[in-house]
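Chemist: Top to bottom, those sequences are chains A and B.
If you read the first sequence in our numbering, its first letter stands for residue 1, the second for the next number, and so on.
If you read the second sequence in our numbering, its first letter stands for residue 315, the second for the next number, and so on.
In short, the hints are calculated from the structure, not lab data.
Each residue gets a CB set at the ideal place from its N, CA and C atoms; glycine is no exception.
Warning: the hint list may mix true and false statements.
[Claimed, not checked] Over the 10 Å line for every Cβ pair with chain A, so calculated as not near, a few chain B residues: (1) Phe-345; (2) Pro-390; (3) Arg-487; (4) Val-524.
[Said to hold, decoys possible] Simulated crosslink set (DSSO-like; lysine-lysine; CA at most 27 Å straight-line): (5) B/Lys-406 to B/Lys-348; (6) B/Lys-393 to A/Lys-309; (7) B/Lys-518 to A/Lys-214; (8) B/Lys-348 to A/Lys-275; (9) B/Lys-349 to B/Lys-518; (10) B/Lys-406 to B/Lys-545; (11) B/Lys-406 to B/Lys-553; (12) B/Lys-545 to B/Lys-518; (13) B/Lys-545 to A/Lys-197; (14) B/Lys-393 to B/Lys-322; (15) A/Lys-214 to A/Lys-84; (16) B/Lys-348 to B/Lys-393; (17) B/Lys-553 to B/Lys-518; (18) A/Lys-84 to A/Lys-197; (19) A/Lys-197 to A/Lys-275; (20) B/Lys-518 to A/Lys-275; (21) B/Lys-322 to A/Lys-197; (22) B/Lys-329 to B/Lys-518; (23) B/Lys-348 to A/Lys-310.
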Amino acid sequence: MNIALVMPPAPDLEGSFQFLQRVAADAFSRHRVSAWLCGTGKTAAEGLHWQGKEGALFCRAANVQASGAGEYLSWVRQMYLAEKPDLLLFYGNILGQSLAAMFAQSIGSSCFMQATQVAFGQVLFVYKNACSSNVVWGREIARYPYVVSVVAEKAPLSGQKTPVQPVARLFASTLSAPVCHSELLEGAAQNPLEQAKTVFIGGRGLGGAENAQKLRALAQAFGAAVGLSRPAAMNGWGDMRETVGQSGTRIAPELCVAFGVSGSAAFLAGVRRAKTLVAVNTDRNAPIFRHADEGLVADTGEVLDCWLKKCEVS
Amino acid sequence: MNLLVCFKIVPDFDKVLPSDWEDFSLRTNLFYTKKTYNVFDESALELGLSLCESSNRRAPGSATCTAVTVAQELSPAVKKHLYAVGFDRVVKIESIQTEFAPRRMAGLLREFITEGRFDLVLTGVQSGYADTGLVPPLLASMLGRPFVSHAETLCFYDGQLCVVHQGDFGRLRTTLELPAVVSVGNSPAALRAATLRAQLMAGKREVETVFPAEDFFWFKEPVFFTEKAEKDCRFFEEKDAAERLFAHLWGGGSE
């Protein structure tokens with residue numbers, strides 16, 4: 001089977017290549033895998049540091065930059081017509097998800113979005129979380145070509161990255177004419193939640209903006225990143241981009257301390273890769289304790305005060 | 315301007331009994347759970363309503379706002395709420411099987427949108443059960459319209475729609491001509507509450523029901539699994555538990 005890994009532009013190449021490693025490591029031994037990168041020539045060169053089978057990666061980069069999925073559609077279509085892969089796996093960042101859906105529609109193919117696992121066995125199975133991450137939905141792929149977007153999730157790379165001999169060819173692709181005008185207001189920077197070793201997360205149980213401020217002060221003292229559960233973010237205790245969970249960032253820190261988070265399945269989907277999960281909650285029966293390594297049944301405000309005091313002392 | 319907001323009412327999955335997840339299927343009856351607006355759709359409904367109101371303030375009668383759902387039934391409480399907060403029309407496209415069938419869902423919406431000549435279509439970025447996020451881009455593709463995802467705020471500026479939204483490179487402001495499709499992501503907008511008076515008046519209004527021309531399609535029953543990822547949590551419960559946990563995590567104490 002011919003498999004194409006489609007990587008639309010992303011600010012963090014590391015995330016894209018972790019996607020490659022996670023998804024394709026299994027596929028390399030059985031299938032012909034090619035990676036389609038879209039970005040500058042530099043992007044392509046950097047992209048070739050890849051732990052994989054030498055020569056298995058055919059890397060092509062389009063020298064383009066744009067903002068909308070519609071504009072990248074022609075790039076993927078050109079690549080598709082040249083290579084005719086059976087399976088297209090899209091890196092599921094914001095652009096990648098829209099692009100996967102639009103591309104599937106354009107070639108009349110079926111599409112499976114936000115897959116958390118792709119299993120290359122005798123038959124191909126894809127899995128994703130469903131019902132707010134309370135169950136996993138599995139689907140057998142029987143008809144090709146098939147389009148899958150894989151959830152953009154940061155996972156630390158295991159082992160050494162071995163540079164392989166570049167087999168890149170620059171693919172001079174063109175983009176569709178833009179149908180809208182975009183300007184960057186802010187950002188471009190790495191989301192601190194994605195790379196942080198320690199993350200402090202506040203939930204509705206923080207009780208108010210005052211405790212949310214204390215959480216930030218504590219995080220600053222520890223050099224930790226701050227995250228929020230969706231209800232806390234909706235309460236206006238921080239930026240919506242700080243949301244952790246199925247609808248926000250999926251994190252993989254060494255230590256994650258959740259203050260006043262009940263632990264809905266949708267939230268837990270965002271912290272399941274944390275090495276150590278610590279929960280502070282007044283309700284001993286809160287679901288989060290069933291997924292935490294350490295638990296403290298206490299008022300979050302009191303714990304924040306106590307820990308801030310200890311930080312000042314030390 | 316004809317504005318359409320697509321919404322979905324979903325069960326509160328956090329209130330489902332653990333035993334129901336163990337052998338979950340689409341036939342599992344979740345009648346006992348509270349039904350609520352999908353979180354992203356709720357933001358889309360509020361943004362749509364606000365946009366419509368601001369248009370009508372500038373030019374009275376220039377904008378209408380319709381809320382549409384694809385479902386077998388729609389509760390009277392939801393209907394009453396949507397009319398009471400200001401939607402001109404509340405429409406139900408009646409269909410029996412719409413979960414885990416995003417292409418079908420997009421197809422039914424496309425039909426309605428094409429007939430209704432809606433200039434702007436707002437949706438939530440994704441919705442349960444399947445949470446695929448596939449319907450909005452599919453719909454845009456089917457309609458051949460520009461598409462912006464993960465919107466946070468919307469406004470009209472110089473006759474164009476101005477969308478502030480999340481992108482992979484940061485927060486963007488995109489201006490586009492209508493017609494268009496916009497999906498709403500992590501927006502702080504929450505659907506407003508209705509006054510009692512408005513609710514009483516809305517009680518008399520009916521949901522418009524649309525029956526699709528052909529309501530039969532082949533559907534493969536989805537297969538579900540549950541992941542047992544529970545841990546054996548170590549509780550700190552003594553009187554000085556907070557201090558002991560601090561010492562355990564970062565040192566500097568007796569733990």
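Chemist: For every hint, state whether the structure bears it out.
Modeler: Verification of the hints:
no.: 1; hint: Phe-345; result: holds, 15 Å
no.: 2; hint: Pro-390; result: holds, 25 Å
no.: 3; hint: Arg-487; result: violated, 5 Å
no.: 4; hint: Val-524; result: holds, 23 Å
no.: 5; hint: B/Lys-406 to B/Lys-348; result: holds, 20 Å
no.: 6; hint: B/Lys-393 to A/Lys-309; result: violated, 52 Å
no.: 7; hint: B/Lys-518 to A/Lys-214; result: violated, 49 Å
no.: 8; hint: B/Lys-348 to A/Lys-275; result: violated, 34 Å
no.: 9; hint: B/Lys-349 to B/Lys-518; result: holds, 22 Å
no.: 10; hint: B/Lys-406 to B/Lys-545; result: violated, 44 Å
no.: 11; hint: B/Lys-406 to B/Lys-553; result: violated, 56 Å
no.: 12; hint: B/Lys-545 to B/Lys-518; result: violated, 52 Å
no.: 13; hint: B/Lys-545 to A/Lys-197; result: holds, 21 Å
no.: 14; hint: B/Lys-393 to B/Lys-322; result: holds, 12 Å
no.: 15; hint: A/Lys-214 to A/Lys-84; result: violated, 55 Å
no.: 16; hint: B/Lys-348 to B/Lys-393; result: holds, 16 Å
no.: 17; hint: B/Lys-553 to B/Lys-518; result: violated, 58 Å
no.: 18; hint: A/Lys-84 to A/Lys-197; result: violated, 41 Å
no.: 19; hint: A/Lys-197 to A/Lys-275; result: holds, 10 Å
no.: 20; hint: B/Lys-518 to A/Lys-275; result: violated, 55 Å
no.: 21; hint: B/Lys-322 to A/Lys-197; result: violated, 37 Å
no.: 22; hint: B/Lys-329 to B/Lys-518; result: violated, 32 Å
no.: 23; hint: B/Lys-348 to A/Lys-310; result: violated, 43 Å
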